[in-house]
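**Q** Just so you know, the sequences run in chain order A and B.
Here the numbering used here is used: the first residue of the first sequence is 1, the next is one more, and so on.
Here the numbering used here is used: the first residue of the second sequence is 1, the next is one more, and so on.
It is worth saying that the hints were derived from the structure and are not from the lab.
A hint or two may mislead.
Facing chain B, from chain A, some residues (calculated, C-beta under 8 Å) [unchecked claim]:
| id | residue |
| --- | --- |
| 1 | G6 |
| 2 | L18 |
| 3 | K49 |
| 4 | S50 |
| 5 | A124 |
| 6 | R192 |
| 7 | N195 |
| 8 | T198 |
| 9 | A214 |
Have a look at the derived ranges for each label pair, beta carbon to beta carbon [unchecked claim]:
| id | chain 1 | residue 1 | chain 2 | residue 2 | range |
| --- | --- | --- | --- | --- | --- |
| 10 | B | R235 | A | R179 | 56 to 62 Å |
| 11 | B | G145 | A | V105 | 53 to 59 Å |
| 12 | A | V32 | B | R13 | 34 to 40 Å |
What the simulated footprint calls covered on chain B by chain A, stretch by stretch (three residues with Cβ under 8 Å from a Cβ of chain A suffice, anywhere in the stretch; the number is not a length) [as the list claims (entries may be wrong)]:
| id | stretch |
| --- | --- |
| 13 | 37-51 |
| 14 | 65-78 |
| 15 | 136-142 |
| 16 | 220-229 |
| 17 | 247-261 |
| 18 | 404-417 |
| 19 | 427-441 |
Heads up, the beta-carbon is just placed ideally off N, CA and C, and yes, glycines get one too.
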Amino acid sequence: MSVADGRARIIGSLRQGLGRGELSAERKAELVTRLDAPRRNLVPARGDKSQDARVALFTEMAEAVQASVNRVSGITDVPGALADYLAENNLPSDIVMAPDETLDVYPWTERPLLNIRRDKAVDADQVSVTAAEMGFSETGTLMLTSDAARPSTLNFLPENHIVILRAGQITGGYEEGWRHLRERGDGDFMPRTVNMITGPSRTGDIEQTIQLGAHGPRRLHIIIVED
Amino acid sequence: MQPNSRDFVARARKSLGEEGLQEALARFRTGFTVKRTEAVARLPEFEALRDEAVEIKTHTIDHLDFYLERFADKVEQSGGKVHWCVTPQEARRMVLDICRAVNAKTVTKSKSMIGEEIALNPFLEENGIEPIETDLGEYIIQLAGEYPSHIIAPAVHKTKDQVSDLFFERHREHGATKRLEEVDELVDEARAMLRQRFIAADVGITGANFLVAETGTTAIVTNEGNGDLTQILPRVHIVVATLEKVIPTLEDMSTILRLLARSATGQEFSAYTTLSTGPRRSSDLDGPEQFHVILLDNGRSDILNSEFREALRCIKCGACMNHCPVYGSIGGHAYGWVYPGPIGAVLTPHLVGLEEAHHLPNASTFCGRCEAVCPMRIPLPSLMRRWREREFEARLQSSRYRIGLALWSWFARHPTFYRMMSGMARVALGVFGGRKGFIHNLPFDRGWTATRDMPAPEGGSFHGRWRRR
């Protein structure tokens, strides 16, 4: 059976099921408009707050799902905050970091003990550092997108995932993320992978007991940087 | 998989006596339901979101041909391939062809009910390809040689002790030596066992929670991260999904996402919602080189053409089974096929035939909790009732049952005789009840009095009291 056959057969039986033929050109045009200029549905009021309150809500929601959050006052504080986190948790200072130029603004060399490799993740990596594209205060969710400088293995293979997020990137609901992606790219704006991450990996598959670190990171640490 | 719903009554009876299962179900009955209630209470817009979600999905289903074609075109534009399959046989064949083209030896799988529906694992095994389930619950039941008993918590029927025994027995060949007793140790051992399998796999297969027509994106919602390792590490990613998973826009998906985790597990949001659009881009450092979407009909277009169309709104959250007193008493395996609980009672007769599955729509007290919690407001009791009518028309019940029903129906339409009979029954039961007013052993219905006493009727009938009011 050829590909075209399968498509024609299924579309045919769907139309039979719907009790109509192909849609009229006018109706199709209406639906194309619905797709090309997507309208927002109801967005919960929860995230509709001042910027400060949004950051606070984001922090509260992320901590409620066992992420840890550290708010630092500027870009120069980030390498120190990272080094402190690693030391506090007895983690190695060998880290794999996305080759992402938005991470170049932080003065990593001021912390010479941090041994940083800029690449995708491999199995042996224990700590990864990536930059988020956005944070949604509604549920404490991070949005990370993939591209040549942002390999998505960094978000899943290492046991410890550290994400750097600018306070100004924290918005209300997920719809802000779609708006941002549409404005950022043109035409086919979707990255290969969009990861919406809410807390570290978990499972409840044995007696509904929540256990962190099922297959993805055991720890998710978010460093929020004031703009 | 092979349906086994014909023996529902016997299987249900057996389940009631299984100690481990009953222990697991006792825990299950209060777990998800309490968490859902709390999560819903935290979101004032929950009911309004349900209304919108119903509207979105109804609109999508009414234009399913349009949105699927648009989705497929967008997938192809982003470098992926779409395979339209009418039957499970075609879908399995397509998966095998894709695997063979890259000489695949092992395939990692993230939990997919469609994978169960088309019995993908045994088929791949028969053809020399090893499927590895990576969701912890699915991994447990694959080791045990079983199938899921719940659509989002596949191993909910197992106790921790049973998992301990299973891992001890099956992990020995991989060098494990100790019988582990704590949940964290068991999870860690499964993690360690599966890590190399993720890395070595040639193909990763996932399901889809959504197919976004706007962008040609597929989306999965998981908590463990296994779905992500399944799809970003191997060279080939295959998505297996049925037609009704399509949704117009990212905004529409967001509305339903707000309902999904809250309804399913009572989480505000699942840990990972992952959107995939095509294969890896030319400069990407990781991600699959090939991206295939298998669009499977398997009876969905027939459901469209029936009085059960509303069932296609289902987002497979499992809330109906979490809240069903029948499911909560017998577990999912008694239902005998992929989808248990109220939604299973509606879908299964369609997908495997009424003759095989006619008992399932009767496995309900019509208490209405399933409809009350269904985020997509599917009228599950009404749909089950329609199946019961078809079952009666098709003469599938025992003659004893049919005669009973016919008698009841006659009396219900002849109130004078009904009152006469119920009056006599009242007097007779009163005599049976004796001085204490309890019946220990009721002729014709020992099933009732075997485990409890039946109170004898007291005073007059409702009709009588109404007249004297």
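**Q** Could you tell me which of the numbered hints above are not met by this structure, giving the numbers in increasing order?
**A** 3, 4, 5, 10, 12, 18 and 19
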